[in-house]
Amino acid sequence: MPQTAIDDRIVRVDATSKARGEAKYVSDLSFPDMQYAYMVRSSIPRGKIDSISIPELPEGYWFISADDIPEEGKNELWMIQKDWRCFAEGDVKYVGETIGLLVGSDRNVLRYLLDNVDIKYTEEEPAITIDEGLAVKGGPIVGEDNVLCQLFVEKGRPMEEVFREADSVFEETIETGFQEHVHLETNGAIVTIENGKYTFYASAQCPFYIRKAVAGLLGLQAEDIVVKQTTTGGAFGGKEHFPDVLCGPLLVAEHKIRKPIKLIFDREEDMLYSVKRHPAKITYKTALDKDGNILGIDGVVVYNCGPYLSGSFVVLQRGVFHANGVYDIPNTHVKGIGIATNTFPSDAFRGFGAPQTLFAIETHMEHIAKRFGFDPAEYKSRYFIKQGGETITNGHIVERVVLPEMMKQVTDASDYFRKASEYRPGSGKGIGISFYNHGGAFTGNGEQAIIKAHARLVKTGDRVRIEVGSTEMGQGFQTTLRKIAAATLGISIDDVDYDNPDTSIVPDSGPTAASRSTMIVGRLVERCAEEMKERWQEGDFSVEKEYEHPEGHPWDQNTFRGDAYLGYGWGCCIVEVEVDKLTKEVKVTGIWSSHDIGKAIDELIVHGQVNGGIVQSLGYASMEKMENRNGHFRQSSMSDYVIPTSMEFPTQQWFLVDNPYEWGPFGAKGMGELVFNGADAAYIDAVERAIGKEIHKIPMPPEDIEEVLNAE
Amino acid sequence: MGMTYIPSTLSEALRLRAEKGAKPLAGGTDLMVQSKRGIALAPQFPFDVMIITAIDELKGIRALDDGSVEIGALVTPSEIAASDIVPWHVRQAAAGMGAIALRNTATIGGNIGNASPKGDLPQPLILLDAEVVLASVKGERRMLLDDFILGSKKTALGDDEIIRSVIIPPHDFTYSFYRKIGMRRANAISKLSLSAAAVVKDGEILDFRASSGASGPRVIRSKDAESIIKGHMVEEIPELMDSFLEAWNNAISPHAMPEYRRNTTRRMLGYFLSSIHEGASPGIISEEV
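Here the protein sequences line up with chains A and B, keeping their order.
Quick note: the first sequence uses the numbering used here, first residue 6, plus one each step.
Quick note: the second sequence uses the numbering used here, first residue 8, plus one each step.
Treat the hints with care, as some may be off.
Derived lysine to aspartate or glutamate pairs resembling DMTMM-like cross-links, with alpha carbons at most 25 Å apart [claimed, not checked]:
#, chain 1, residue 1, chain 2, residue 2
1, A, Lys434, B, Asp63
2, B, Lys43, A, Asp111
3, B, Lys125, A, Asp709
Label-pair ranges, simulated between beta-carbon atoms [said to hold, decoys possible]:
#, chain 1, residue 1, chain 2, residue 2, range
4, B, Glu253, A, Gly95, 54 to 60 Å
5, A, Glu176, B, Gly210, 56 to 62 Å
6, A, Met652, B, Asp91, 22 to 28 Å
7, B, Ser18, A, Phe36, 46 to 52 Å
8, A, Pro60, B, Asn257, 48 to 54 Å
9, B, Pro50, A, Met652, 27 to 33 Å
10, B, Arg69, A, Pro60, 31 to 37 Å
11, B, Arg192, A, Gln562, 35 to 41 Å
12, A, Asp271, B, Ala70, 40 to 46 Å
13, B, Lys161, A, Leu189, 46 to 52 Å
14, B, His262, A, Pro555, 55 to 61 Å
15, B, Lys27, A, Glu273, 26 to 32 Å
Bear in mind the hints are in silico, worked out from the structure with no lab data behind them.
For glycine and all other residues, C-beta sits at the position ideal for the given N, C-alpha and C.
Working from the sequences, and respecting the hints, build out all of it.
Structure below.
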């Protein structure tokens, strides 16, 4: 078989089985004597549980709740903290909180039982919005002030000094909404006992997270639990920590029942009762001189977290660290607050906190530019940070920043400057531009201090097996990683195996998150392969490597100072629109993007990520509206929570720049989240120009555009 | 939980309807969704159901001698969209319903019987003064669709009746307008829809009509508002425009997004009338951005 070269365009290794419907997902799996589980959930956002009345259970049916957690166990899921309860006990904090599991063999019977569960509550006043959370409506949910987490970063001179020198101050608040992941495959997991160990089959990004999160429920260690990832049909962050919320109750049930138990959410459950992207309210107060130059920015970033921390503090940190966008602002102070509310907990979603602040800073910069009569592209480009430039966390940009070249690519391709000057504000036509980045991998020294990722290659005859904890979830990682191994070893990709991980076999490579898989785990596999290639003649052997942090990049996780990220992906996007004069529907007529991802390991996969990320971002900006009324999400299906179809947007023109990254495999950096981070702002910029009004929130469906037009 | 019957002839279905009150289930795109119970579980209906998809008498589209078109209750949106005898407004609405799978499965009878204010087909049918043919063991009766749909999810269907067909009388419009605003471009429930049509001869507006979907508990037609325009000369449109738009605005009663729905309806109707006044070429009025 021919050797695979890194630049070969190849068919994804999982394409055929998925396209033909042959891939087996967790809901396709069945075991002898398998039972089914249904979740009994809270129907109110906040209150005391007075009583739980379960209909009489036939033989072979169980109701599992906090009462079934054994003495040696604790009712907590260990995500980052241990505050998220496996089962609500005594009170409930959000609609959809797990109260119990109904388990049995016949789903018709279970459905009947579920429909006849009667829970009595004493309802309490919930806090739903960010403002209600900040105002401690109904009394504190967490601590005394509902602040779940907070931090600040500062750069340059004190803000009072900077603002004293300002000729003008421009302050505005920008808001972003909930976003639902809508992975094609809903959440699901099966628990069973294999070889005397509790074993999960789960649709999940991070099998090792599940082990850690649930073991304490039975007083066990993570190693006592085995997690086998099943082919995962999309995740986008929605299967990072959230599978813990399914697997925890399943483990408690398994402890009692000791038969295989399957829990699969239907689409409505997955919409109503799963984590979402954090809604955000971001206020920038910017000091300007008389010519419109920025002297300093004072920002406050507030994320709606729901009542439990889950990944929120890390999300908030990333949000704050991206709050200056791609700009070198001389003086900044940004405060981040994660506020507790009685909504379903917010958690990871592609971009992980960065999209909210990037949307806000892009929109804010663009508003300043327009107020002073500058073209937004030209104005923003004055502030592009450069290699060695000081970041918002007093660290430095390590790599060469090629934003000016990227901007030229897309402005030339789209004829941006001509259109920007020709399309008059309010003419119905508009073109918009945005710049963005995404810090690859875990923040600061997290890869070294927290994860310590491992990867292993095993050689058997002429075949090589990759053993890592990283997962394929549709993003193409099985292809990417096999390609890295094959190209390094000088063998065919067909001679490299990489199965869905089983935690009892593979080493922990860290979570499949944070755009770290290619950059970090890919580099580990490359290093393993380099050694294996040298020793190829030694017969059957394996090579395992641990992550090594590049020297000379200080980071203090207590003060949030230093090099927050060692490599950023960079992006530039232009969107052109026409706004229908009668209906205010927006037609996107052109999309151009350029990304610096170091090096594309597989151009077809990267193309898919660019297309998908941009469409998902445009959906976020335009139509994906998830409303929460009194704690209940109003959108419960794919017909009322609409995501873009292939009909919405035109063919994209996309560019990549070659800018190899020193510590990535073949020079590759993270890219999965980057491509989500900026089309939203370009779209809103374009719509603003087309309607001749400023916009301060997303999403912006036609009825909200109407409202903007009629304001004042 | 109700029984499920599968009649194979219309007379059998009518008997089941009369004796058991069984509800007709055809494509199932409304009933199956409304009564869904989750993965791997069949819907449970709180009433008896009869699956009527095998009944040939309810199928097919045909031209009648008087120039009308009769569409059987089991005809799908895909068949309607592909028909060359169904009037343009109805074909447009059928072509924009849901996704392809839904258009191949849903039926015109179901879309009417479900009587959702967001239903796609009733809106243009009411514009065209379509009638429904209702059948029962006692015989048949015809009534205007506009009278048949009483409100959101409410119809004049008798306990022993089923919808047999829809009859659309012939029209020869000089100008036609149709627009559906969905939540996205494909596979979308209607956020708002509007049909309008006019017959103009020698500068006189002989007929003028409009119908609004998703703008109240039922499709809105207002003969009072239409009469403000109808019978007048094209050159009078500017002076009639405001009172017509005001009358139409008073006729609709959107619950959610009232501002958007009212303003957009006003702009679309205003555009249609202005186009006529400005001497647009006869045919479809479609707006240029």
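Would you list, in rising numerical order, the hints stated earlier that this structure does not obey? Hints 1, 10, 11, 13 are the ones this structure does not satisfy, whereas the remaining hints hold.
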